[in-house]
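Participant: The whole structure should be built from the sequences, with the hints applied where relevant.
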Amino acid sequence: MVIDNGKGLNPRKQPQQVRSQMTVDAIFEATIQVLLSDGLQRLTTIRVAERAGVSVGTLYQYFPQKQALLFAVLQRHLEMMSETMELATQSAHNLPLSTMVNIVVSAFMAAKTENVLQASALYSVAGELDSRDYVREIETRNRARLEAMLETATDVHFDDLKTTAFMFSGALVGPIRLLLESQPQPETIRAFGEQLESLCLGYLERAGNPR
Numbered sequence: 001m002v003i004d005n006g007k008g009l010n011p012r013k014q015p016q017q018v019r020s021q022m023t024v025d026a027i028f029e030a031t032i033q034v035l036l037s038d039g040l041q042r043l044t045t046i047r048v049a050e051r052a053g054v055s056v057g058t059l060y061q062y063f064p065q066k067q068a069l070l071f072a073v074l075q076r077h078l079e080m081m082s083e084t085m086e087l088a089t090q091s092a093h094n095l096p097l098s099t100m101v102n103i104v105v106s107a108f109m110a111a112k113t114e115n116v117l118q119a120s121a122l123y124s125v126a127g128e129l130d131s132r133d134y135v136r137e138i139e140t141r142n143r144a145r146l147e148a149m150l151e152t153a154t155d156v157h158f159d160d161l162k163t164t165a166f167m168f169s170g171a172l173v174g175p176i177r178l179l180l181e182s183q184p185q186p187e188t189i190r191a192f193g194e195q196l197e198s199l200c201l202g203y204l205e206r207a208g209n210p211r
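Residues in the sequence shown are numbered from 1 upward in steps of one, following full-length UniProt numbering.
If you are wondering where the hints come from, they were derived from the structure by calculation, not from laboratory data.
Quick caveat, the model's predicted, so the values are computed rather than measured.
Backbone N, C-alpha and C fix where the C-beta goes; we use that ideal spot for every residue, glycine too.
Honestly, I wouldn't trust all of these hints.
To be verified - Label pairs and their in silico Cβ distance ranges: (1) TYR123 with HIS93: 27 to 35 Å; (2) LEU36 with ARG177: 12 to 20 Å; (3) TYR60 with LEU199: 44 to 52 Å.
Facilitator: Structural data, given as structure tokens:
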């Protein structure tokens, strides 16, 4: 999915063939590798092209500037997270609230902590780019999915679904960001998932009314 943010961060063109898609995938992977090894401030299109094994001219065929490349990498990550939320919430329809929360939190944690360093680095990219409109669009999508899911809970109902979904979303995203920015150890991540589930479920149980 391509979002036109009006700031010249969109790709010059989209890959149409398998070979072109492989080239773009290699550029994306190289961008992450350079980001992790050299840091955001030292990342250049030249270093990314060298790591990807392509010419700078080839890179510029797709991404007209460093910021456009970074935005594309961030976009791919956020769209993956959006797809994760879509699949998780759809699979949790018409279930008890505690099961819903377990499914959503588990899926969100797994996706965010699969590569902790990469996820943390992408937060710095989001802060560097003026991507607020796009991030808000993703957040709106995810809240709508949470709202639709909560409406089908078999054991509880909510008087204000929009506010409840908003708070549920915030309870997911905020702590995860704090966790990733702290460069956690694996044992910390394992314990964190249980605590996050308790946090979200505790709020939802208090906000809801038994059916």
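Participant: What are the numbers of the hints that this structure violates, sorted from low to high?
Facilitator: none
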